[in-house]
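*Asks:* Protein chains in written order, with our numbering: chain Z, 1 to 254; chain X, 1001 to 1254; chain H, 2001 to 2254; chain A, 3001 to 3254.
None of these hints come from the bench; they were simulated from the model.
For clarity, every value in this text was computed on a predicted model and none was experimentally measured.
Fair warning: there could be bad hints in the mix.
Unchecked claim - Some chain H residues judged to face chain Z by a derived CB distance under 7 angstroms, without partners named:
#, residue
1, N2075
2, L2076
3, E2077
As the list claims (entries may be wrong) - The list that follows gives simulated cross-link-like pairs (lysine-lysine, DSS-like), each with its CA atoms no further than 27 angstroms apart:
#, chain 1, residue 1, chain 2, residue 2
4, Z, K246, Z, K231
5, X, K1047, X, K1231
6, X, K1216, X, K1133
7, Z, K216, Z, K246
8, H, K2133, A, K3047
9, Z, K47, X, K1133
10, X, K1047, Z, K133
11, A, K3198, A, K3211
12, H, K2047, A, K3047
13, H, K2216, H, K2133
14, X, K1133, X, K1198
15, H, K2198, H, K2246
Positions of the beta carbon are idealized from the N, C-alpha and C atoms, including for glycine.
Number of protein chains: 4
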Amino acid sequence: MRMDINCDMGESFGSYRIGDDDRIIAFITSANIACGYHAGDPQVMAKTVALARQHRVSIGAHPGYPDLMGYGRRNLETFPGEISNYILYQIGALAAFARAAGVTLQHVKPHGALYNQAARDERVAREVIHAVKAYDPELILFMLAGSLCEEMATSAGLRVAREAFPDRAYLSSGQLAPRSMPGAVLDDPARVRDRVVKLATTGMLTSIEGKEMNFKADTLCIHGDTPGAWKLAAEIHGALEENGIKILPVDHCL
Amino acid sequence: MRMDINCDMGESFGSYRIGDDDRIIAFITSANIACGYHAGDPQVMAKTVALARQHRVSIGAHPGYPDLMGYGRRNLETFPGEISNYILYQIGALAAFARAAGVTLQHVKPHGALYNQAARDERVAREVIHAVKAYDPELILFMLAGSLCEEMATSAGLRVAREAFPDRAYLSSGQLAPRSMPGAVLDDPARVRDRVVKLATTGMLTSIEGKEMNFKADTLCIHGDTPGAWKLAAEIHGALEENGIKILPVDHCL
Amino acid sequence: MRMDINCDMGESFGSYRIGDDDRIIAFITSANIACGYHAGDPQVMAKTVALARQHRVSIGAHPGYPDLMGYGRRNLETFPGEISNYILYQIGALAAFARAAGVTLQHVKPHGALYNQAARDERVAREVIHAVKAYDPELILFMLAGSLCEEMATSAGLRVAREAFPDRAYLSSGQLAPRSMPGAVLDDPARVRDRVVKLATTGMLTSIEGKEMNFKADTLCIHGDTPGAWKLAAEIHGALEENGIKILPVDHCL
Amino acid sequence: MRMDINCDMGESFGSYRIGDDDRIIAFITSANIACGYHAGDPQVMAKTVALARQHRVSIGAHPGYPDLMGYGRRNLETFPGEISNYILYQIGALAAFARAAGVTLQHVKPHGALYNQAARDERVAREVIHAVKAYDPELILFMLAGSLCEEMATSAGLRVAREAFPDRAYLSSGQLAPRSMPGAVLDDPARVRDRVVKLATTGMLTSIEGKEMNFKADTLCIHGDTPGAWKLAAEIHGALEENGIKILPVDHCL
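Kindly produce the complete structure, drawing on both the sequences and the hints.
*Replies:* Structure follows, in structure tokens:
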């Protein structure tokens, strides 16, 4: 019984601060580090890689659309090949800081609109997979559990870390319950604890409609930019540990 | 007798075109490829790496200040460490495209204001050298022949390609004659031919004041953004070839 | 019988050049000047306003999406209100250069993806109209003749200049024939001349299917970034003049 | 006895938050609103203008260098005319939001490196003054009391609001004591209160060396991006009010 905990990190930019990296880092095993397109800058990247290294947290690239103003959360029309090139660019940029710090990249997790589009749009998924494989076929792709992209990446021979969101409810179909649905976001830490323990020990999850379902997840996502995220991370970390689940970088969980 | 010919490449951006890369590529052996800060974008980088690979031209990163509006030609105040991080970021970004194309980086040549500042400012030179070594101590640094940075980089154990400008006159001190000086820029192709042949075969150059001086150069720079640059490249290439000088990527010249 | 001829201008950026403004300016009566989002920068804007003023060409703002890399040609998801604010920002920026030069803005013409979306998407159209009215209800909106946005803007009390594309064929429905359709782009200058004269003198156009139809246009668009655009501008200008059509800024045509 | 209190506002960008505008707005009379170059974006600008309008706080443009990554705090080399054009662009952009909200611009205050350079560098000062006059000679320029730029702007016929920093010590020369000097930054609210009351009622200030000196100031600057800035603003506001000094937009103080 093993589980990875990941969080987006290094999303500050210049004088602007987002996230509580210094606190959250203690409770996670994989850091998705922004690469300067939707967030992050070279100084922030260097610092965040150093922070992760110091805490023995594995490092991944967190590429997004070139849209700092929209924080990578807006869909952007792209022409064929552009997404692959955006991702290659950002993986490489982060890899340079990893290399200078003597560590290697474990994974790639697309950000925001790019993640959501990859999860369900075949062309976007193909470009994401192409970029990751072209850079290094050993890299692990973090992707929404049960998504089209998870399936395509697995078929393409990539290692995929299936991602679950501990503070979000799921439909019986296995898909995320839309935020607009009552109960879609779980606020009660006790319930979140119960769910992650159950998920990690049994591979089961109760859907929002009350159905028990199989749900395979390799990594749990903490949303670093919500206030108090570090507390949720601490809760989840504590719950898993108390129940004998080994919390390890995803490279040791697949 | 060997000589490298280098040129800045991939400095287009989006719909904007600069340079005559498709023509010049035939006459050079090292391409300095812009990395998206002062010029270039992921699509242009991918395309330029492919072009260089196809012509068996060696590839280098051409990092600049984050100043697209100023084309990297303006000095920018930086705080300690920023320059190193800017350069790491850009080397890594380009290296990703090289890696995806199955080639490796040969060198790094700073661009514009960053090059000029590195040549004479100790702090800037130190940051440039630090970044190149931190990324890969085997990378070759292209630097103004006779500059402070050349000296510092050599002392630091880096391989340095000493760069000469075939269409520029030099002072007897070995420094570039300032552009404001009459005769500082050579317009006559025949004179440029004579100079590069003499430089490559004898290691001597006549200064603007008429003095014969020793001048060690490993690579000749073509300014790709001046109109007709490909013709000058062809002239220089022809002159060297006719005089039995091997034109090779700088990795084979050091 | 009057007609305006407009062209996008000031789309250079930093060291990057696009368009042949110095030549085309002689043949147009309205200049759509880029405002620094999809193209243009403060230096280019100041210079382009001065050029237009010198040639007594009326000035308009040419706002686009904040996407220099995509030249404003890609759809960008926006949240309610963002488009209005993007347009206000850009109108104001250009208006400052007009004010410093002692001239006033005549019109606003959205660029690229923003223009195309405004033409057919009600929410985008509403935001465009809102921004123009909020800035100055006397400003003229340049919009695709026969589009949803033309109709909405007219209903909202804005003055609208209905725009025709002299080098493009139209369907019998009055809509532009898609570029993918054979014959959609007219290459033959003689045909373009005939069409614009007929349009200006009779208000009729022959559709790509051969049908004669009423077509009201107040301004003809020259695509400044196609090579040889100035020649087409000269042709059109000559044809209109020879046929007694007054070529005037659109403010005098409505 | 009148005094204006000003603060930089609207320096958030996209998802990034800086400053405590909603709290500080209650204690100031002039808002310097960022214009999208060093900070701010169209959404933030619209919202900040609305906030100022609602609180009857006068509005000014707060232009900076085009350096979001450096928050406009780094010197940037510029070519002649660039600074004027940068400022015109930014004033115009903000003026559009003011116009849409039915208010007018009261003033211009350069930001960060641009402010500091204008204060002491003749060329920069000249370009700042030129831009403000070219846009609207009635605009008030906020500038460091006792600086070269204050003098030049006054000679040029501009109205100048002489700015004092209530939490900073001054040398007997009238210049700001450098931050590196012990005692340069005043942490004790009681001392700050005493100083501003004395300054506003007597036009005198005690220098860091203990000398009493004349010091004319029309506006007091609150640094909005320091934590707890709103408390200092409240302290100063309270102190002035209790001592019978009218706190009014600077337009009413000159």
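*Asks:* Work down the list of hints and note, for each, if the structure agrees.
*Replies:* Hint check:
Satisfaction of the interface hint for N2075 (chain H) is found here, the shortest Cβ-Cβ separation to chain Z being roughly 4 angstroms, below the 7 angstroms cut-off. The interface hint given for L2076 (chain H) holds, since its Cβ lies 6 angstroms from the closest Cβ of chain Z, which is under the 7 angstroms cut-off. The closest approach between the C-beta of E2077 (chain H) and any C-beta of chain Z is roughly 4 angstroms, which is under the 7 angstroms cut-off, so the hint is satisfied. Only pairs whose Cα atoms come within 27 angstroms are accepted, and K246 (chain Z) paired with K231 (chain Z) is accepted, the gap being roughly 19 angstroms.
Straight-line distance between C-alpha atoms of K1047 (chain X) and K1231 (chain X) comes to about 23 angstroms, which keeps the hinted pair within the 27 angstroms bound. Restraint check for K1216 (chain X) and K1133 (chain X): the C-alpha separation of about 23 angstroms stays at or below 27 angstroms, so the hint holds. In summary, the hint linking K216 (chain Z) to K246 (chain Z) is supported, as the alpha carbons are separated by about 16 angstroms, within the 27 angstroms threshold. Taking the CA atoms of K2133 (chain H) and K3047 (chain A), the gap is about 18 angstroms. The hint holds against a cut of 27 angstroms.
Distance restraint check for K47 (chain Z) and K1133 (chain X): the Cα-Cα separation of roughly 18 angstroms lies within the 27 angstroms cut-off, and the hinted pair is therefore satisfied. Among the hinted pairs, K1047 (chain X) with K133 (chain Z) is consistent with the structure: their alpha-carbon atoms are about 18 angstroms apart, no more than 27 angstroms. A hinted pair counts as satisfied when its Cα atoms are at most 27 angstroms apart, and K3198 (chain A) with K3211 (chain A) qualifies at roughly 14 angstroms. Between K2047 (chain H) and K3047 (chain A) the alpha-carbon distance is near 32 angstroms, which puts this suggested pair outside the 27 angstroms criterion.
A C-alpha spacing of about 23 angstroms is found between K2216 (chain H) and K2133 (chain H), which places the hinted pair at or below 27 angstroms, so the restraint holds. Only pairs whose Cα atoms come within 27 angstroms are accepted, and K1133 (chain X) paired with K1198 (chain X) is rejected, the gap being roughly 33 angstroms. Of the pairs offered as hints, the one joining K2198 (chain H) and K2246 (chain H) holds, with about 14 angstroms between alpha carbons and a cut-off of 27 angstroms not exceeded.
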